[in-house]
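**Student:** Chain by chain, the residues:
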Amino acid sequence: NAGVTQTPKFRVLKTGQSMTLLCAQDMNHEYMYWYRQDPGMGLRLIHYSVGEGTTAKGEVPDGYNVSRLKKQNFLLGLESAAPSQTSVYFCASSYGVTIRTQYFGPGTRLTVL
Amino acid sequence: EDQVTQSPEALRLQEGESSSLNCSYTVSGLRGLFWYRQDPGKGPEFLFTLYSAGEEKEKERLKATLTKKESFLHITAPKPEDSATYLCAVQAEVSSYKLIFGSGTRLLVRP
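These protein sequence lines map, in sequence, to chains H and E.
If you read the first sequence in our numbering, its first letter stands for residue 1, the second for the next number, and so on.
If you read the second sequence in our numbering, its first letter stands for residue 1, the second for the next number, and so on.
If you're looking for bench data, these hints aren't it; they were derived computationally from the structure.
Keep in mind that a hint or two might mislead.
Derived lysine-lysine pairs resembling DSS-like cross-links, with alpha carbons at most 30 Å apart [said to hold, decoys possible]:
#  : chain 1 : residue 1 : chain 2 : residue 2
1  : E       : K42       : H       : K70
2  : H       : K14       : E       : K69
3  : H       : K9        : E       : K98
4  : H       : K9        : H       : K57
5  : E       : K42       : H       : K9
6  : E       : K79       : H       : K57
7  : E       : K42       : H       : K71
8  : H       : K57       : E       : K42
9  : H       : K71       : E       : K98
10 : E       : K59       : H       : K57
11 : E       : K98       : H       : K70
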């Protein structure tokens, strides 16, 4: 099993450009999450999904959109990138509410100039 | 407000020198407390889940314990390969989907 995978690993954008980060998991997990990690801030939840076709806002959702068209995939979109979105983005998944452990992907390092 | 505080921010140990990392939490109903290890440039790697006060879990040189207010990650006779950032996170009853993370403890074990 590959677990949770993320593409791309690195990306540099100019202010105003758009991009999509892809997360895939092969563990048949129901829940998926997108976090951002910034120095001194810890991991913060952007959006999450409790199942195929569902999404919800987390702690810091502004400037991001998500979609979960297939159970195994969770996409994070930036429509108009801003320098404040420079961060490392992690995707995670968990089986469900009763089995709560979240498993993380390797991350995407995004720089917005 | 739900909150997680980890201490110390950074810890330097000599190989074989045992110590403990602290995770203090304030949460309205604890569903679970999680410990992760994060190596530079990588995603958090799951270590332990603790669900109730008094619970303990061990893995190699690591032992995690839980009280009603805090958790400790004890490292016994650490090796240089234990160097990493250790993250603590809690899950509250009210918002069971969400993990609240601390800022982590950076551990450096010197040979």
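**Student:** Decide, hint by hint, whether the structure agrees.
**Tutor:** Structure-based check of each hint:
1. K42(E) x K70(H): Distance ~25 Å between K42(E) and K70(H) Cα, so the pair holds.
2. K14(H) x K69(E): violated (45 Å)
3. K9(H) x K98(E): Holds. K9(H) to K98(E) sits at ~25 Å (cutoff 30 Å).
4. K9(H) x K57(H): At roughly 24 Å apart (the allowed maximum being 30 Å), K57(H) and K9(H) satisfy the hint.
5. K42(E) x K9(H): holds (10 Å)
6. K79(E) x K57(H): Roughly 41 Å separates the two Cα atoms, so the pair is violated.
7. K42(E) x K71(H): holds (24 Å)
8. K57(H) x K42(E): Answer holds: K57(H) to K42(E) is near 25 Å, not above 30 Å.
9. K71(H) x K98(E): holds (19 Å)
10. K59(E) x K57(H): The given pair, whose Cα atoms are some 35 Å apart, is violated under the 30 Å limit.
11. K98(E) x K70(H): holds (21 Å)
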